[in-house]
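Build the full structure now, drawing on both the sequences and the hints.
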Amino acid sequence: MRMKYVLSEVLVGLWRNVTMTIAMIITMAVSLFMLGGSGLLYQKVGDMKDLYYENVQVSIFLKTDAPQDQRDALDAKLKADPLVKDVEFVDKDQAYKRFQQMYADAPDLVNAVKADQLPESFRITLNDPQRYKQIYDQYKTAEGIDTIVDQSKLLDKVFGVLTGIQNGALALAIVMAAAALLLVANTIQVAAYSKRREVAVMKLVGASNWFIQAPFVLEAVVAGLIGSILGLVALIGVKTLAAGSSMAALEGLITPISWSEIFLTFPLMAAVGGLVSAITAWVTLRFYLRV
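For the sequence shown, full-length UniProt numbering begins at 1 and goes up steadily by one.
Don't read these hints as lab results, they were simulated from the structure. Do not take every clue at face value.
To be verified - No farther apart than 30 Å at their CA atoms in a straight line, the calculated lysine-lysine pairs in the BS3-like style are these:
1. Lys77 <-> Lys63
2. Lys97 <-> Lys114
3. Lys85 <-> Lys157
4. Lys239 <-> Lys49
5. Lys63 <-> Lys114
6. Lys44 <-> Lys92
7. Lys44 <-> Lys79
8. Lys239 <-> Lys133
9. Lys97 <-> Lys85
If you want it as structure tokens, here you go:
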């Protein structure tokens with residue numbers, strides 16, 4: 001009987017303040033969508049960093065007139081260096097083939113460049129890509145070296161932009177979450193005020209605070225769960241739209257987000273939405289019931 005009463009009061013309460021309930025659900029859905037999206041973005045950027053930094057190389061370009069003995073000495077030094085994981089020597093012919101592949105869409109440029117105009121180089125993979133500066137300082141003055149290029153410097157710029165997007169999404173999620181909490185507190189307060197006489201009677205007959213609070217707390221939890229479902233639907237919609245748009249072409253550059261990862265975010269979104277709503281409602285009612 002008590003459970004039936006609580007559930008019926010939940011439905012009545014949600015319908016009684018239907019406009020505020022809808023506003024609370026929508027705000028919660030947007031904040032949870034942003035939270036889930038920023039969480040996925042953090043995860044994907046982390047995966048991308050691991051993937052790219054594992055394959056990042058340092059290119060040591062030689063002078064065009066570097067003699068064979070300088071190349072051999074540098075090759076031996078690199079292979080004996082504990083910072084270096086792997087060494088690959090690229091001669092002029094190999095460099096020209098790579099050049100042809102990179103600029104296949106610009107045949108005039110390819111025809112204007114000859115193989116002997118391209119420098120030879122060593123492509124090295126480091127055990128720790130973050131220690132590029134040590135490699136640079138160690139080899140920048142070595143004989144026969146023209147320039148040293150680190151691919152991770154270019155990646156740092158890309159990841160800097162992505163990190164900015166991460167932080168922006170997270171900040172927006174926090175703002176929306178704060179708005180959702182205020183709406184939950186306001187909705188519960190209005191609902192409790194509209195039933196102040198019933199609450200007073202229930203307190204007079206000895207009803208426990210938990211029994212009085214349960215319908216209001218469950219209202220907030222239901223709104224939070226519905227908001228998390230709508231947030232999941234929004235994530236699915238974004239994934240579907242992205243798959244059919246020009247963003248699909250970025251999957252070779254950006255680690256794609258799988259369907260399983262999206263659905264695995266739902267338990268977190270539902271837990272956050274339900275738990276935060278319940279705590280907010282409980283705290284609000286604690287102040288109300290003390291009056």
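Just to be careful, I want the Cα atoms of lysine 239 and lysine 49 compared with a cutoff of 30 Å; is the pair within it?
The given pair, whose Cα atoms are some 22 Å apart, holds under the 30 Å limit.
Assess, step by step, whether the Cα of lysine 239 is no farther than 30 Å from the Cα of lysine 133, and give holds or violated.
Cα-Cα ~39 Å, so violated.
Regarding the pair lysine 97 and lysine 114, is the alpha-carbon distance no greater than 30 Å?
Roughly 11 Å between the alpha carbons, so the hint for lysine 97 and lysine 114 holds.
Are lysine 63 and lysine 114 close enough, with their CA atoms no more than 30 Å apart?
Holds. Lysine 63 to lysine 114 sits at ~16 Å (cutoff 30 Å).
Can the restraint linking lysine 44 and lysine 79 be considered satisfied, given a maximum Cα separation of 30 Å?
violated, 34 Å
Keeping to a limit of 30 Å between CA atoms, is the pair of lysine 44 and lysine 92 held or broken?
Cα-Cα ~37 Å, so violated.
For the pair supplied as a hint, lysine 97 and lysine 85, is the alpha-carbon distance within the 30 Å limit?
Judged against 30 Å, a Cα distance of about 25 Å means the pair holds.
30 Å limit on alpha-carbon distance, applied to hinted pair lysine 85 and lysine 157
holds, 24 Å
So if I understand the rule, the pair passes when the alpha-carbon distance is 30 Å or less; does lysine 77 with lysine 63 pass?
Distance of about 17 Å is within 30 Å: holds.
Comparing the model with each earlier hint shows violations of hints 6, 7, 8; every other hint is respected.
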